[in-house]
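Trainee: So the sequence lines, in the order shown, correspond to chains A and B. Position 92, counted from 1, in the first sequence is what the working numbering calls 92; the numbers after and before it change by one each time, with no gaps. Position 85, counted from 1, in the second sequence is what the working numbering calls 85; the numbers after and before it change by one each time, with no gaps.
One or more of the hints may lead you astray.
One side of the interface only, derived from the structure: several residues of chain A facing chain B at Cβ under 7 Å [as the list claims (entries may be wrong)]:
(1) ILE99
(2) LEU102
(3) LEU203
(4) GLN238
(5) ASP241
(6) MET248
(7) TYR254
(8) GLY256
(9) LEU270
(10) GLU273
(11) THR382
(12) PRO405
(13) LEU414
For the record, the hints were derived by calculation from the structure and aren't laboratory data. In this text, all values refer to a predicted model and were calculated from it rather than measured experimentally. Here a beta-carbon is modelled for each residue, glycine too, at the ideal position from N, C-alpha and C.
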Amino acid sequence: MPDTCVNIVIGGEAGQGLVTVGDFLAKALVRAGYEIVVTQDYLSRIRGGHNTYAIRVSHEQVHGPRESIDLLVALDAQTVLMHRSDLTGRAMVLADESIDRLGHPGLSIPFKALCPKPMFENIAALGVLARMLCLDRKWFEDLIAETFHKKGDEIVSANLKVFAEALAWAETQQAGFSCMPAPERTEKRLFLHGNDAIALGALAAGANFCSYYPMTPSSSVASTLIEHAQRMGMLVEQAEDEIAAINMALGASYAGARVVVPTSGGGFALMVEGISLAGMTETPVVVVLAQRPGPATGLPTRTEQGDLNLVLYAGHGDFPRAVFAPGTPEQCFEMTYRAMDQAEKWQSPVFVLTDQYLADSYRAVTPFDLSALPPVSAPDLTTDKPAGYERYAVTESGVSPRLVPGFGEHLVVLDSDEHTPDGHITEDLDVRVRMVDKRMRKGLGLKEDVLPPIFTGDDAPDLLLACWGSTFGPALETAQVLRQQGKKTAVLHFGQVYPLNPDQFLPLLASAGRTVMVEGNYSCQLAALIRQETGYVFGATVSRYDGLPVTARHILRQLEKAN
Amino acid sequence: MIPIEQYGTFETAWCPGCGNISINKALKKALSILDLPPHKVLICSGIGQAAKSPHYLRCNCFNGLHGRSLPPAQGAALANTEVTVFAESGDGCSYGEGGNHFLAAMRRNVTMSYLVHDNQVYGLTKGQASPTTAQGQATKFQPWGTPSMPFNPVAVAVTMDVPFVARAYAAEVDHLADIIVQAARHPGFALVDILQPCVSFNKVNTYAWYKERCYKLGQDHDPSDWQQAMHKAQEFGDRIPIGVIYKGSRQPYEQRIVSSVRRPLATSKPDMAALADILEGYA
Chain A
1 MPDTCVNIVI GGEAGQGLVT VGDFLAKALV RAGYEIVVTQ DYLSRIRGGH NTYAIRVSHE
61 QVHGPRESID LLVALDAQTV LMHRSDLTGR AMVLADESID RLGHPGLSIP FKALCPKPMF
121 ENIAALGVLA RMLCLDRKWF EDLIAETFHK KGDEIVSANL KVFAEALAWA ETQQAGFSCM
181 PAPERTEKRL FLHGNDAIAL GALAAGANFC SYYPMTPSSS VASTLIEHAQ RMGMLVEQAE
241 DEIAAINMAL GASYAGARVV VPTSGGGFAL MVEGISLAGM TETPVVVVLA QRPGPATGLP
301 TRTEQGDLNL VLYAGHGDFP RAVFAPGTPE QCFEMTYRAM DQAEKWQSPV FVLTDQYLAD
361 SYRAVTPFDL SALPPVSAPD LTTDKPAGYE RYAVTESGVS PRLVPGFGEH LVVLDSDEHT
421 PDGHITEDLD VRVRMVDKRM RKGLGLKEDV LPPIFTGDDA PDLLLACWGS TFGPALETAQ
481 VLRQQGKKTA VLHFGQVYPL NPDQFLPLLA SAGRTVMVEG NYSCQLAALI RQETGYVFGA
541 TVSRYDGLPV TARHILRQLE KAN
Chain B
1 MIPIEQYGTF ETAWCPGCGN ISINKALKKA LSILDLPPHK VLICSGIGQA AKSPHYLRCN
61 CFNGLHGRSL PPAQGAALAN TEVTVFAESG DGCSYGEGGN HFLAAMRRNV TMSYLVHDNQ
121 VYGLTKGQAS PTTAQGQATK FQPWGTPSMP FNPVAVAVTM DVPFVARAYA AEVDHLADII
181 VQAARHPGFA LVDILQPCVS FNKVNTYAWY KERCYKLGQD HDPSDWQQAM HKAQEFGDRI
241 PIGVIYKGSR QPYEQRIVSS VRRPLATSKP DMAALADILE GYA
């Protein structure tokens, strides 16, 4: 595997501040021009337990997480015990002097001497890390000033002092950890995780109403929206339950709001009747589903790609839908933006499937070009339509003119029952057939608009790795490794997993010597969908369902087994 | 006043003599008094016989799912404060399937009126006990008597300081219309629990049963007095008070949200300069 990167793991109990150290360090690295992939592994508890915050960093592109550790920051003794087998040959362990490093090289940090109070230990750790990674101190000093600015100058200078002293102490130590190659880039990047990017993409598309019920790992979509609600004029409401969240969003959408509903699998299970209602009433809604392992409560804070089937089949009856599965924060932004457009354009429920790994994974992201974004479909605010307006007028595309109630003398009538073109209950079975046909015709439009999967790597490859969602990065890294071993390898990433347009990918699959689908679930749900829709059967599948993100090492090992 | 004819006349799927018919009449009358043209009225309903009501009235209508009249009504009311929003459904939909939404709506206090057709029985599914059926009352599905005690929506709403709480009786059309007018004019969430005979499935709470018991609250009842209101809310037996039980003055939800929200939300476009600035903050 390419070895120009350093994998830093900060481990400790919940409540010890490892996320603070991790976020600080990761952001400093991004500002310094490095590429990062952050993986957060935590337990479903507020205090105690064992959590880690991993930052894989390099001056070159990094695609995914890695298991082996080069720098282990142990906030407790258990961290050393649990991760010693993952330490590389050059690994260093950084820990308080009271913690036994079990013979591993590293530094025993005199936190008590360096910090006037225990609350400064995180900043002291950053001072030591800055030295180990040969990072310019200014990246940290700027961040300290920005972070503590609101608490007053005294707090800022106290933190700066601790940072400086820890750095000075580290300089006196003979740690012998080699510096990373310096990055060449100077342009500004954003420090974002997947859920930040989803929220920002929704805002860019004009989302102005969000109703949600809290559930890990989706909650940070809502919290990011809340953070910017005042400036963006957005209304965010925490509903009493997921059923209310989806139905409230549909009411707001009906009234002309642009709506987004974040949830996770278990919460989405409760929303299913609302998805069916969106299908029947042709009310636009974007649901962001951040996946975690199920069934039921499953592993609440871990990752999986196990809910594709759930969103594909959610809701009784036939109605069209689209499902996006971004693989990077950039795609999270772009695809949520597109989801907002598609939901309005085709008056259908549209899903954005992410997962805990991507939701929490910070990266260095090239700033989004807001001026280059395509226009987003919007409801018709015409006020002069005649009284004969029909919300469900039968059209060739299946899309009926969507007017907003209260904007003219027209009446907008929606019904969850089968309805006539003017929206009223009917049991006329001929009308029923016309309405089903009309609704399903929108599916053809959704299919015409489908984003093609991204093909990258060698043409006519010996091996083609297919994947979707967050498995993109690990597949790319695997391909890189195999190419270095002389194997012609390519990756086919489905950023939109429904509808499928076989013309976009069957020829590519046919061009490959061997095809392998890589998915973070037990049954390889996308492989099954492709087989169902096209008859195509992958040569092999690689799956993962232990709650951890798919990595290049995992894929390579499974490929060996499959050989 | 807008002529009542503007709200249309429709053939209904209701039984002759159904209380829904007079409630529909009272609602049209109230809208006319409120001077609301049909396109400025937005009614969300759930599922059940009562939930069909907005189809029998010219208005903007969101006839959603069973138990879910309140969430879309609040969503629509928050998205557009320039339309007058009602949620309308039966006792099973409103107090059973939608119970949690009722609790949350009372806390949230979005300006809208909740008209509950309370006939103390399930009609559409043919005669099961509802959340307001009297304990011990036998039905085809509860032949040994309804085992649970009935829900008292009026007392719960008064307890929660819902700003407008009323009990009405379907057969008193003018009285009901007047209450709906007051409910729609009152800022915040308004509950109107409308007692209504079911001529097909409820052989206990008949027109005669209600006629014998219902009496109109007079000048001696002060709806701003919470204690008095609570007392009246509990009165349900040989005598049943109808009228405005309670009036409070809690601040409506829409006055407590992010001040920058521009409504109707349909006209609000994203401020891309502000968003560009927000993105800078992630650098």
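Trainee: Run every hint past the structure and note whether it holds.
Mentor: The hints, checked one at a time:
Restraint check, A/ILE99 versus chain B: the minimum CB separation of about 35 Å is more than 7 Å; hint violated. Here the hint on A/LEU102 is broken, as its CB sits about 39 Å from the closest CB of chain B, past 7 Å. Interface restraint check for A/LEU203: the shortest CB-CB distance to chain B comes to about 6 Å, inside 7 Å, so the restraint holds. The interface hint given for A/GLN238 is violated, since its Cβ lies 10 Å from the closest Cβ of chain B, which is over the 7 Å cut-off.
With 7 Å as the threshold, the beta carbon of A/ASP241 comes within range of chain B, its nearest partner Cβ sitting at about 6 Å, so the hint holds. Given the 7 Å rule on beta carbons, the hint for A/MET248 holds: about 4 Å separates it from the nearest Cβ of chain B. A hinted interface residue such as A/TYR254 counts as satisfied when its beta carbon comes closer than 7 Å to some beta carbon of chain B; here the least separation is about 5 Å, so the hint holds. With 7 Å as the threshold, the beta carbon of A/GLY256 comes within range of chain B, its nearest partner Cβ sitting at about 2 Å, so the hint holds.
The interface hint given for A/LEU270 is violated, since its Cβ lies 11 Å from the closest Cβ of chain B, which is over the 7 Å cut-off. Checking A/GLU273 against chain B: minimum C-beta separation of about 6 Å stays under 7 Å; hint holds. The interface hint given for A/THR382 is violated, since its Cβ lies 11 Å from the closest Cβ of chain B, which is over the 7 Å cut-off. The criterion of a C-beta within 7 Å of any C-beta in chain B is met by A/PRO405, whose closest approach is roughly 4 Å, and the hint holds.
For A/LEU414, the interface hint holds, the least distance from its beta-carbon to any beta-carbon of chain B being 5 Å, beneath 7 Å.
The structure shown violates the earlier hints numbered 1, 2, 4, 9, 11.
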